[in-house]
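Chains as they are written, first to last, in the numbering used here: chain A, 1 to 159; chain B, 1 to 159.
Incorrect hints may have been included.
Stated by the list, open to error - In silico DSSO-like links for lysine-lysine, alpha-carbon gap of 30 Å or less:
1) A:LYS82 / B:LYS133
2) A:LYS82 / B:LYS50
3) A:LYS50 / B:LYS105
These aren't lab readings, by the way, just hints derived from the structure by calculation. Being a predicted model, the structure only gives us computed values, none of them experimental.
Take a look at the letters that make up each chain.
Protein chains: 2
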Amino acid sequence: VPLGNVYYYFKTKEEIGEAIIEERLLQAKALQQRLDEISSPEGRLCGFVKVTVDSRQLLARGGCPIGTLCTELHKEDDALAKHSTVLFSELLKWFETQFRALGAKADAHGLAVHLLSALQGIAVLAHTLRDPKIVIGEAERLQGWIQTLGTHDNRGDEA
Amino acid sequence: VPLGNVYYYFKTKEEIGEAIIEERLLQAKALQQRLDEISSPEGRLCGFVKVTVDSRQLLARGGCPIGTLCTELHKEDDALAKHSTVLFSELLKWFETQFRALGAKADAHGLAVHLLSALQGIAVLAHTLRDPKIVIGEAERLQGWIQTLGTHDNRGDEA
Numbered sequence: 001v002p003l004g005n006v007y008y009y010f011k012t013k014e015e016i017g018e019a020i021i022e023e024r025l026l027q028a029k030a031l032q033q034r035l036d037e038i039s040s041p042e043g044r045l046c047g048f049v050k051v052t053v054d055s056r057q058l059l060a061r062g063g064c065p066i067g068t069l070c071t072e073l074h075k076e077d078d079a080l081a082k083h084s085t086v087l088f089s090e091l092l093k094w095f096e097t098q099f100r101a102l103g104a105k106a107d108a109h110g111l112a113v114h115l116l117s118a119l120q121g122i123a124v125l126a127h128t129l130r131d132p133k134i135v136i137g138e139a140e141r142l143q144g145w146i147q148t149l150g151t152h153d154n155r156g157d158e159a
Numbered sequence: 001v002p003l004g005n006v007y008y009y010f011k012t013k014e015e016i017g018e019a020i021i022e023e024r025l026l027q028a029k030a031l032q033q034r035l036d037e038i039s040s041p042e043g044r045l046c047g048f049v050k051v052t053v054d055s056r057q058l059l060a061r062g063g064c065p066i067g068t069l070c071t072e073l074h075k076e077d078d079a080l081a082k083h084s085t086v087l088f089s090e091l092l093k094w095f096e097t098q099f100r101a102l103g104a105k106a107d108a109h110g111l112a113v114h115l116l117s118a119l120q121g122i123a124v125l126a127h128t129l130r131d132p133k134i135v136i137g138e139a140e141r142l143q144g145w146i147q148t149l150g151t152h153d154n155r156g157d158e159a
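Produce the entire structure from the sequences given, and follow the hints as far as they go.
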């Protein structure tokens, strides 16, 4: 797309940024709705991890589209940066809902932070090492951990 | 520092990039040498996690200095990007050494990837959410997990 066309639709850098955030938010919501059809919370969480694995070539080429957008926008401390935060907070909320359904009460937020961190981090590693395969092993570890939370008397501890 | 001064010492963008990578590498090596004086491998790994906790204000302001540098340089697929990879691969090697000393044989690399991912990811979250406190809970979880690896018959499993 020639830059002129972009500026025909969006008058400022802020408008472009807002449009990208809204687009990513819609994509995330669509994914969550699709995963919400899976009957068990551990299935929904493992399904999310699987989407990360399926995107490993993309992650190795350019990093996580949400993570790199947020990191980029947070070089400034402005309204756009603040708005991009919604991408992570919505994801954390959805993860938390699943962990609570798994039986984790007080710790659901901490578990959600752990899962989102791990996924963001493996995207940074895959990108920097240009290694899509590195996502596979970490995803298996995370899926194993999620299954453990689902089977071990629903207490939601990692250890 | 006025930009003119920087270009007095460094003739090209590549030279500046190389100098930053070398500086970060020296800092990482100095930290590892300091931590190597701790007698137990779980103490060394928990010590590394503690350094992340102690840096939480910095992480919330600007992200991980190594992670954001690598992400930035990997927007290009050039020699500088390739060189920056050494920052992660050296860290992974050091983590692996500790996990092997903890008794994890075949899985030492996977455990190292898991720990580095978690730390990179929590830095991305702290930065995007502008929340230094989020690092504390995740660090406690990781330190608890490392201690478990050290005490539960040295098998190096997460679950």
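Query raised in the report: Looking back at the numbered hints, which does the structure fail to meet, lowest number first?
Result: Checked against the structure, no hint fails, so every one of them is satisfied.
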